[in-house]
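Chemist: For the protein sequence lines, the chains are W and P, in the order given.
Sequence positions in the first sequence follow my numbering and run 24 to 293.
Sequence positions in the second sequence follow my numbering and run 0 to 279.
Everything labelled a hint here was simulated from the structure, so no lab data went into it.
There's no promise every hint is true.
[As the list claims (entries may be wrong)] Here are some chain P residues the structure puts well away from chain W; computed CB gaps all over 12 Å:
#1 LEU3
#2 GLU5
#3 PHE11
#4 GLN13
#5 ILE55
#6 ILE73
#7 SER102
#8 VAL111
#9 LEU127
#10 MET132
#11 SER159
#12 THR167
#13 ARG169
#14 GLY177
#15 ARG274
#16 LEU278
[To be verified] Calculated lysine to any residue pairs in the SDA-like style (CA-CA distance at most 25 Å, straight line):
#17 W:LYS138 - P:ARG169
#18 P:LYS153 - W:LEU83
#19 P:LYS268 - W:HIS233
#20 W:LYS211 - W:THR146
#21 P:LYS88 - W:GLN110
#22 P:LYS153 - W:ALA147
#23 P:LYS268 - W:LEU168
#24 P:LYS153 - W:LYS211
#25 P:LYS153 - W:GLN172
#26 P:LYS88 - W:TRP116
#27 W:LYS138 - P:VAL181
#28 W:LYS138 - P:GLU173
#29 P:LYS268 - P:ALA39
#30 P:LYS153 - W:ARG163
#31 W:LYS138 - P:ALA39
Just so it is clear, the structure is predicted and the values come from calculations on it, not from any experiment.
All C-beta atoms in this analysis are idealised placements derived from N, C-alpha and C, irrespective of residue type, glycine included.
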Amino acid sequence: MNHTLPIDPARLEFRNVSVKYGSRHAIEDVSIQVPHGARGAVVGPNGAGKSTLFKALVSLLPLDTGNIYIHGRPLGHHLDCVAYVPQREEVDWHFPVTVRDVVMMGRYGRLGLLKQPGQKDRTAVDRALQQMEIDHLSNRSIQDLSGGQQQRVFLARALAQQPHILVMDEPFNGVDAITRDATLRLLKDLTTRDVTMMVSTHDFLLAREHFDLVLLINRKVIAFGTPVEVFTTEHVSLAFQSQMMLIDGALVVDQCCGDEEHTHIHGGEE
Amino acid sequence: MNWLLEPFTYGFMQRGFAAAVIVGVLCAIIGVYIVLRGMAFMGDAMAHAILPGVAIAYLLKGNLLVGALVASLIVAGGITLFSRKGSIKEDTAIGIFFAAALSLGVAIISGVHSYAVDLSHILFGNVLGVSSMDLLVTALLAVTVLAVILVLYKPFLVISFDPVLAATLRMPTETLRGVLLVLIALTVVISMQTVGVGLVAAMLVTPAAAAYLLARRLPAMFLISAAIGAISGASGLLLSYYLNIASGSAIVLFATFIFFLAYLFAPQKGVLTRRWRRLV
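Please take these sequences and the hints and turn them into a complete structure.
Modeler: Written out as structure tokens, the structure is:
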């Protein structure tokens with residue numbers, strides 16, 4: 024099967040990428056091309072390899088086979104152009120740093136190991152804080168923040184990195200409405216600035232409304248294309264298998280999101 | 000004030016005082032990383048691991064500091080190497096190396112007759128036996144460690160707070176972690192004479208833990224921790240002089256006392272402060 028789209032110029036390309044956890048393939052033979060400035064949603068059941076795909080893209084996990092090309096060059100050539108917004112649980116929120124400190128870390132890649140932040144970095148941080156509407160919190164300890172505010176700190180940090188490619192792992196999971204809206208506004212805004220985005224989500228409706236491209240994945244690529252092309256009964260049932268039911272012509276997927284979430288029912292009708 | 004100044008008429012007391020303050024500050028500063036990164040076990044292991052190095056240096060009539068340094072670097076390298084391959088977890092690797100090094104140290108020392116006095120000095124420190132040369136070496140090593148921490152402040156912050164970001168920013172995370180381990184090793188070696196290997200772990204953790212409860216930002220945590228370390232070093236030594244108790248214990252107990260004060264009365268995180276705020 025060939026899932027690549029004939030869109031030029033492709034600026035982010037996965038070519039036959041496989042990543043192994045131990046002896047098991049977490050993702051297998053993934054080949055997709057994401058054009059520059061596109062908003063791509065990554066959808067699939069739990070354990071489908073969404074996080075793995077992202078971690079491979081930011082070089083947190085080694086590739087078993089294949090390669091990933093950014094602007095036509097393999098990983099490693101463009102050192103600071105990918106920003107990654109991890110799931111919130113991945114850092115220690117009791118660490119003694121302020122909101123501003125965390126966002127400033129986004130500048131460290133540009134500064135190198137030893138240089139101190141200058142006026143340009145402070146301006147970039149200020150702008151990122153304003154854009155995520157957390158400038159009033161800039162001197163707060165991160166441990167005083169709500170979950171949504173923590174998420175926006177991460178987003179502001181990614182903005183301060185001024186990336187060409189922004190990768191977000193489940194940014195809509197368990198956040199308040201303000202954060203959800205701020206994230207969606209950010210997606211729209213970054214599109215106008217030609218930033219390529221890859222965002223994993225459990226929410227089919229959101230993926231359909233706010234993204235140009237959808238990657239449906241369950242270890243292998245099930246479908247890749249526009250939301251209309253991807254969200255067919257055939258594709259979704261292939262990806263979700265037993266977690267899916269057809270009720271009155273509406274596709275219902277039962278996605279239990281691991282530890283923090285209860286059973287969520289998301290509709291995605293045909 | 001005379002009773003406070005009286006001890007300082009002795010040269011050994013002046014040198015001991017300087018050594019206690021330097022070591023207090025140094026341990027407290029490197030301890031910030033140990034507390035934030037959850038490496039208390041590593042600090043303890045490192046402290047005990049230098050014993051065989053000291054013992055071998057003693058047998059060969061070499062410099063004890065050099066022996067300790069070599070041993071600590073070997074153990075730091077061993078733990079990194081074994082846990083990096085992913086076959087065993089880091090704390091398991093620490094447990095193995097820690098116990099093996101300690102056993103080796105005791106085995107070597109017990110083979111030598113008349114070991115009792117020297118062993119107790121290694122375990123619990125002998126701050127009053129610090130020579131001018133020792134003090135100079137201590138000061139130089141301490142300045143080196145502090146300078147490295149100052150220079151690498153940003154990368155150490157990122158690998159401690161968010162290793163994932165460090166990796167995506169392509170920081171040399173493995174190397175940085177190695178440098179931090181070497182700094183801890185150096186600190187432990189420097190502290191050997193003042194508080195001894197048995198108690199250095201406490202000086203690595205206690206002032207920094209108190210500072211963690213008091214500070215909101217990392218620079219403040221460093222300063223508060225250093226202040227607590229210095230005060231503990233100074234006060235502990237004076238206490239040991241007047242009460243005629245082991246100096247290392249006095250220093251550690253004083254630091255523990257400050258920790259309990261912070262635990263109860265810290266403005267934001269103190270147990271009693273929070274209860275009080277709920278009442279009013």
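Chemist: Hint by hint, say whether it matches the structure.
Modeler: Going through the hints against the structure:
no. : hint                : result
1   : LEU3                : holds (34 Å)
2   : GLU5                : holds (40 Å)
3   : PHE11               : holds (39 Å)
4   : GLN13               : holds (36 Å)
5   : ILE55               : holds (36 Å)
6   : ILE73               : holds (27 Å)
7   : SER102              : holds (34 Å)
8   : VAL111              : holds (46 Å)
9   : LEU127              : holds (36 Å)
10  : MET132              : holds (33 Å)
11  : SER159              : violated (8 Å)
12  : THR167              : violated (4 Å)
13  : ARG169              : violated (5 Å)
14  : GLY177              : holds (14 Å)
15  : ARG274              : holds (19 Å)
16  : LEU278              : holds (21 Å)
17  : W:LYS138 - P:ARG169 : holds (16 Å)
18  : P:LYS153 - W:LEU83  : holds (20 Å)
19  : P:LYS268 - W:HIS233 : violated (42 Å)
20  : W:LYS211 - W:THR146 : holds (22 Å)
21  : P:LYS88 - W:GLN110  : holds (24 Å)
22  : P:LYS153 - W:ALA147 : holds (18 Å)
23  : P:LYS268 - W:LEU168 : holds (16 Å)
24  : P:LYS153 - W:LYS211 : violated (32 Å)
25  : P:LYS153 - W:GLN172 : holds (24 Å)
26  : P:LYS88 - W:TRP116  : holds (24 Å)
27  : W:LYS138 - P:VAL181 : holds (23 Å)
28  : W:LYS138 - P:GLU173 : holds (20 Å)
29  : P:LYS268 - P:ALA39  : holds (21 Å)
30  : P:LYS153 - W:ARG163 : holds (20 Å)
31  : W:LYS138 - P:ALA39  : violated (30 Å)
Figure legend: structure checked against the earlier numbered hints; hints not met, in rising order: 11, 12, 13, 19, 24 and 31.
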